[in-house]
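Take the sequences, apply the hints, and build the full model.
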Amino acid sequence: MTRCYYRSILLCLAFALWQHAVSAKEAIVVVVNSANPIEQMTRSEVIDLFMGKYVAFPDGEKAVPVDLDGEQPIKQQFYHQLVGRSLASINAYWSRLRFTGRVKPSIQKNTEQQVVQYITNNNDAIGYIPISKLTKQLKVVYQLNE
Amino acid sequence: MLLKVLLLVSSLTSFSCFANSNMQFSAFGTLALTTTDSDTYGYRKDVSYDKGVFSGDLDLLSHSLIGGQVNVGLSNEFDFVGQAVIKDMAKKSLDNYLTMAFLRYAPKPEWAIRVGRTAIDIFLITEYRDIGIANPWATVPNEVYSIIPFRFVDGADINYQLRLNEGTLTSKIFTGKSDSYLSTSNITEKIQVDNILGASVSYDKSDWIIQARYSAAQLANETQSTLALIGAINTVPVTIWPNASSFSQTLRVLNTNIKYLSLSYQQYFNRWLLTTEFSQVKANDSPVIPTINSGYLGLSYQFDQYTIYGVSAFSQSDNYQFNETNVIEAAIPELINAVEGNMNFYATNQNTISLGLRWDISANMALSLQWSHSNIKQQGGTLWIDNSDNSPKDHVNTLLLSMSFSL
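The listed protein sequences correspond, in order, to chains A and B.
So for the first sequence, the working numbering puts the first residue at 7; every next one is plus one.
So for the second sequence, the working numbering puts the first residue at 37; every next one is plus one.
It is worth saying that the hints were derived from the structure and are not from the lab.
Hints are not guaranteed to be accurate.
Once the Cα atoms are required to be at most 27 Å apart in a straight line, the calculated DSSO-like pairs of lysine-lysine come out as [said to hold, decoys possible]:
| no. | chain 1 | residue 1 | chain 2 | residue 2 |
| --- | --- | --- | --- | --- |
| 1 | A | 68 | B | 144 |
| 2 | B | 226 | B | 295 |
| 3 | A | 110 | B | 144 |
| 4 | B | 208 | A | 68 |
| 5 | B | 295 | A | 110 |
| 6 | B | 241 | A | 68 |
| 7 | A | 145 | B | 144 |
| 8 | A | 110 | B | 208 |
| 9 | B | 208 | B | 295 |
| 10 | A | 81 | B | 213 |
Take a look, some chain A residues computed to stay more than 10 Å from chain B by CB distance [claimed, not checked]:
| no. | residue |
| --- | --- |
| 11 | 32 |
| 12 | 45 |
| 13 | 73 |
| 14 | 79 |
| 15 | 106 |
| 16 | 108 |
| 17 | 117 |
| 18 | 119 |
| 19 | 124 |
| 20 | 150 |
A quick note: this is a predicted structure, and the numbers were derived from the prediction, not measured.
The beta carbon of each residue, even a glycine, is placed where N, CA and C say it ideally should be.
In structure tokens form, the structure reads like this:
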């Protein structure tokens, strides 16, 4: 009976770890409001936008990038897949842009749900979310891990 | 002018608070411990600082600072940025603590116009030299940056950028004025530059960026020590120094045009980062300011949260030696010493090898340990607080432990 109990716990733990691994590998999509006329972006356009190099959509309209604050796994995965750099390296890079006043800091949100909400309410916003968080009000313009 | 700009932006900001405002506060800081092994040359961060770190000292002031910044979005086109940095400096004042206060107008993604106080942008890292966490090293290479005491420009700049061949081409022109201080072991004096006119262009593609900068500025004041030296030379009898009065006029630097040039390149190779810069400071119309060539090559390797790095830097300029004809030098040895000291104030000649380790404790906090070995040539120690009478050649080891963060 006791052995069966421990086996169940181990199985649960293994399942939780497997689920975590799957969710960590979930595809990340770069999304805009469905009313935004942009249909697709290239990797370099997404890099320019999230790295503060050229903060505009391909049609030349201003963009408002929305980022997640802190060190959330989805944020780490996004920047690792996009530019191959750690969050510490990204933060050092953004410190140059932010504290020299060169670039307006991006909008920071606490959760993926808040990112979804912000983009839903703002036609010029752009952000990244796990593909499972996609809603009808959002449009995918780039997918990482394709 | 700055006051007027500040009044304008504060009224706009106040108005904005009732309209469509969004405000972001952020901060950065460094707590650093510095020690060296020299009794002759005291380490300092730049030539404005009046205190040196000598053998046996454990200094907490020269690199430590804390900065706060506010970004206020006023509308889709306008925003305001204000920044203050509190640190130890030779002359403390609210004006000197204020490093940025500008209003930006960005009608299109390609264009941005900034008016007010902005960070000075004459070399690759002059804009963010005090933002410890932004730099891969514990401190920027002194050979290039210590000779520049200025931190800001009161004026305006225009930025233009466009996407070109999967990269970003950015250009900027700026104008304005600035001021700071120059310090030696016994005196600190204000230095002002006016009619600054500068341009920069950079091309940023994926993992690499190449940049060029060129600026010119006009010195807007004479230092009191120069005026005193000119006065002393003018009192020398013509029997001892026949052309003393005409020589003394060559010491004047008012309206001297100084030119700053910087060429830099940075590239990531997976975990490796290569950074190199060559810079030049030049003044054609004054013998007091020699041509200073300087540069560095830095290489770092990141593994997990750690980065090991090495930097090799140099600065080189010609030394002045008194060789005026028909002067009875034995009659005025102290005055000749003073003339040589004045003429060699900007003459920096040294090279440094640095090795360091950076540990990113978290995404926004890093601990760095850096050892530097500097080889200072005779009369080449301008970047240090010189305690000697004859500025001898020397080797100095500097150890810097710093914790930097951003919020």
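Comparing the hints with the structure gives:
no.	hint	in the structure
1	68(A) <-> 144(B)	holds (7 Å)
2	226(B) <-> 295(B)	holds (19 Å)
3	110(A) <-> 144(B)	holds (13 Å)
4	208(B) <-> 68(A)	holds (20 Å)
5	295(B) <-> 110(A)	violated (30 Å)
6	241(B) <-> 68(A)	holds (20 Å)
7	145(A) <-> 144(B)	holds (24 Å)
8	110(A) <-> 208(B)	holds (17 Å)
9	208(B) <-> 295(B)	holds (17 Å)
10	81(A) <-> 213(B)	violated (41 Å)
11	32	holds (21 Å)
12	45	holds (18 Å)
13	73	holds (12 Å)
14	79	holds (12 Å)
15	106	violated (4 Å)
16	108	violated (8 Å)
17	117	holds (18 Å)
18	119	holds (20 Å)
19	124	holds (12 Å)
20	150	holds (16 Å)
In summary, the structure is inconsistent with hints 5, 10, 15, 16 from the numbered list given earlier, while agreeing with the others.
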